[in-house]
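S.K.: All chains, please: the whole structure from these sequences, using the hints.
2 protein chains.
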Amino acid sequence: MAARVRIKDVAAHAGVSPKTVSNVLNDYEHVAPATRAAVRESIEALGYRVNLAGRQLRRGRTGMITLAVPELDVAYFSELAKHVMTAAERRGCTVLLHQTDGRRDRELAALSGFEAQITDGVVLSALTLTARDLAERAPHLPVVLLGERHGDGTLDHVGIDNVAAAREATAHLLARGRRRIAVVGGALRGRQGTDRLRTLGYREALRAAGVPFDGELVVPVDAFHWLDGARAARALAERPEPPDALLCLNDHLALGAVRALYEYGLPVPGALDVVGFDDIEAARFTIPTISTIAPDKEGIARAAVDLLLDRIERPDRESGPSHHVAGYRLIVRESSGG
Amino acid sequence: MAARVRIKDVAAHAGVSPKTVSNVLNDYEHVAPATRAAVRESIEALGYRVNLAGRQLRRGRTGMITLAVPELDVAYFSELAKHVMTAAERRGCTVLLHQTDGRRDRELAALSGFEAQITDGVVLSALTLTARDLAERAPHLPVVLLGERHGDGTLDHVGIDNVAAAREATAHLLARGRRRIAVVGGALRGRQGTDRLRTLGYREALRAAGVPFDGELVVPVDAFHWLDGARAARALAERPEPPDALLCLNDHLALGAVRALYEYGLPVPGALDVVGFDDIEAARFTIPTISTIAPDKEGIARAAVDLLLDRIERPDRESGPSHHVAGYRLIVRESSGG
DNA sequence: CCACGTGGTTACATCGATGTAAATACCCTG
DNA sequence: CAGGGTATTTACATCGATGTAACCACGTGG
Chain A
1 MAARVRIKDV AAHAGVSPKT VSNVLNDYEH VAPATRAAVR ESIEALGYRV
51 NLAGRQLRRG RTGMITLAVP ELDVAYFSEL AKHVMTAAER RGCTVLLHQT
101 DGRRDRELAA LSGFEAQITD GVVLSALTLT ARDLAERAPH LPVVLLGERH
151 GDGTLDHVGI DNVAAAREAT AHLLARGRRR IAVVGGALRG RQGTDRLRTL
201 GYREALRAAG VPFDGELVVP VDAFHWLDGA RAARALAERP EPPDALLCLN
251 DHLALGAVRA LYEYGLPVPG ALDVVGFDDI EAARFTIPTI STIAPDKEGI
301 ARAAVDLLLD RIERPDRESG PSHHVAGYRL IVRESSGG
Chain B
1 MAARVRIKDV AAHAGVSPKT VSNVLNDYEH VAPATRAAVR ESIEALGYRV
51 NLAGRQLRRG RTGMITLAVP ELDVAYFSEL AKHVMTAAER RGCTVLLHQT
101 DGRRDRELAA LSGFEAQITD GVVLSALTLT ARDLAERAPH LPVVLLGERH
151 GDGTLDHVGI DNVAAAREAT AHLLARGRRR IAVVGGALRG RQGTDRLRTL
201 GYREALRAAG VPFDGELVVP VDAFHWLDGA RAARALAERP EPPDALLCLN
251 DHLALGAVRA LYEYGLPVPG ALDVVGFDDI EAARFTIPTI STIAPDKEGI
301 ARAAVDLLLD RIERPDRESG PSHHVAGYRL IVRESSGG
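If you're matching them up, the sequences are chains A and B in order.
Position 176 of the first sequence, counting from 1, maps to 176 under full-length UniProt numbering, and the rest follow consecutively.
Position 182 of the second sequence, counting from 1, maps to 182 under full-length UniProt numbering, and the rest follow consecutively.
There's no promise every hint is true.
Identical copies carry no separate label here, and so any pair may be met within one copy or between two of them.
Claimed, not checked - Straight-line distance between alpha carbons at most 20 Å, and here's what the computed EDC-like set of lysine to aspartate or glutamate pairs gives:
#1 Lys82 with Asp222
#2 Lys82 with Glu71
#3 Lys82 with Glu263
#4 Lys82 with Asp105
#5 Lys8 with Glu298
#6 Lys82 with Asp101
#7 Lys19 with Asp133
#8 Lys19 with Glu136
#9 Lys8 with Glu168
Derived by calculation from the structure, the hints in this document are not laboratory data.
M.R.: The following block contains the structure:
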């Protein structure tokens, strides 16, 4: 703060005009080598650093993008954030992280609030927003959706094939002879989210195997943390007719469930099999290790950043929205006999 | 982008001067109620949003602070980040998250790079920087250090009493009759970090109990992830004279170690006791649950934000640096007989 | 020897919001 | 109703960097 050096100070020190300093800063080609050197020297001598507010004001770009996720302490999102930051850095921009807590107002804030203001675009992992919200709130803001395409799919979007992934995970459990498979975190209706699609895949797998669907086995949760998985598993364990396997819609739920079952004397994979989603680091090191659907997080991050930067660079481009489908693998570990 | 609304558009629409609109925006008191209402209406009608670049340029403040941590996918940091964001929001500012990967260049970047530029101050959890780096690189930048006070302690700092915490954890293991306690992630010399201090506390506890110190039991690690804990535990398990307890300098290490020991047929807490640090959510739900030192993360976050904002608001205040010592508790869980 | 082109440099306006200070409108007191 | 405030509004300059366009000094081709 104290005595900040401005471009004009550098200009004075080097005996040139401010604009010439600017030209040097921006690698404008027609600057005499001697001048360039002198300016560089003055910059060094005075410890000059560009003021980004000034630059942004003039240029209209910040070089920052927002990544808005529900919760950073859900490992999937912090791991994903890491990849997004890496991808962004490679493309020369910086990531501003915004946490929505899955709340509608905070998701809207990601689109029109502070972050959106100082940012050139948003990668949004939305839980509550509808297509209409998105269209209304930020008609001109470049946005890429993560997870699920919302509504009419008019926005760019990156995700895995959740239906297929859930189908595959369920088929795996069925192949192991499980018949009463609960879906922890599942949803039959309501928000148009990933949970709905995964539940759909689950039902498809049941149908394909000729196993009747039991709505009682779709267990909603408040959040996707260890605690919620433990709660859900407890409730299931106390039923007169407990399930023989759990399809948990993320690994935290799976891990919490495994612990709760353990407390009920129901070992995994002995008494029940458990499969999760996300392949967070924990899943590889717990007792037991957790079978899971492993999405290609790096691919997702890279695709999201690329798509967003494309939109930012060519906002006029009226080409329709892109939908990038990233890969995933089912990894069978101890929790389902691996 | 397309046809952005500026303050002067609102002014024209409302039939007042731009400055009056500005006054309404900033809740200047001497604005006639009718005028205020009219301006508000125009703002609404046109969908106006302030341009932060312009505002910042004029005001010299951004209302953003940087939080720089080594890794977001270390749960302690993502949980802490969550609290910092909450604390910052309560004080009306926004957090820009910067990941250093524990690399020196990226820690320096947090002080003088892009983020520091557009940010009013930095909360830094540094691994490699020295006091000199900090003084040289950012003499005028408000900074609060997390974790360990570096060097001469000339900067504001927030942390727990790591020596006491490690002493207490070690004493707990000793009280359970353990005598060969390894320190996973420990360090005898080198970086002036938290690891050094915790190792120091460990030694103090040994000395107090009259147990001889064995340098072989201080096991450094590459990083503080599950994988590194597992590796370290494996190496220890294969020694001719394995330890009978592990003091792991974070919970990830503890969890990874527990898993590796399990694979060696060394159950925790049967064969060895294990204690970690940080009390991440996982520690409460794994099998076994993990004893740990639980720092008051919320208190740390709040103190850091408060201290930083104080510095930002009163940069002239030449009062010496503040050192806030946050609380912690030893939570005994299954991994050490709880 | 002139017109013209090109490299190098600069004056000026501008991005959008706001602090300063001055202008205008309004109200009360005596 | 004049004088002296107070409330409200506004003109203008400014924050720092950069796009535009003009300028100067050469050198070259004709």
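S.K.: Indicate, hint by hint, whether the structure satisfies it.
M.R.: Hints, one by one, checked against the model:
1. Lys82 with Asp222: between (26 Å within a copy, 19 Å between copies)
2. Lys82 with Glu71: both (14 Å within a copy, 8 Å between copies)
3. Lys82 with Glu263: neither (34 Å within a copy, 30 Å between copies)
4. Lys82 with Asp105: Answer is between: at 17 Å across copies they meet the 20 Å cutoff, but 25 Å inside does not.
5. Lys8 with Glu298: neither (43 Å within a copy, 44 Å between copies)
6. Lys82 with Asp101: both (18 Å within a copy, 10 Å between copies)
7. Lys19 with Asp133: neither (44 Å within a copy, 32 Å between copies)
8. Lys19 with Glu136: neither (41 Å within a copy, 29 Å between copies)
9. Lys8 with Glu168: Close neither inside one copy (63 Å) nor across copies (58 Å); limit 20 Å.
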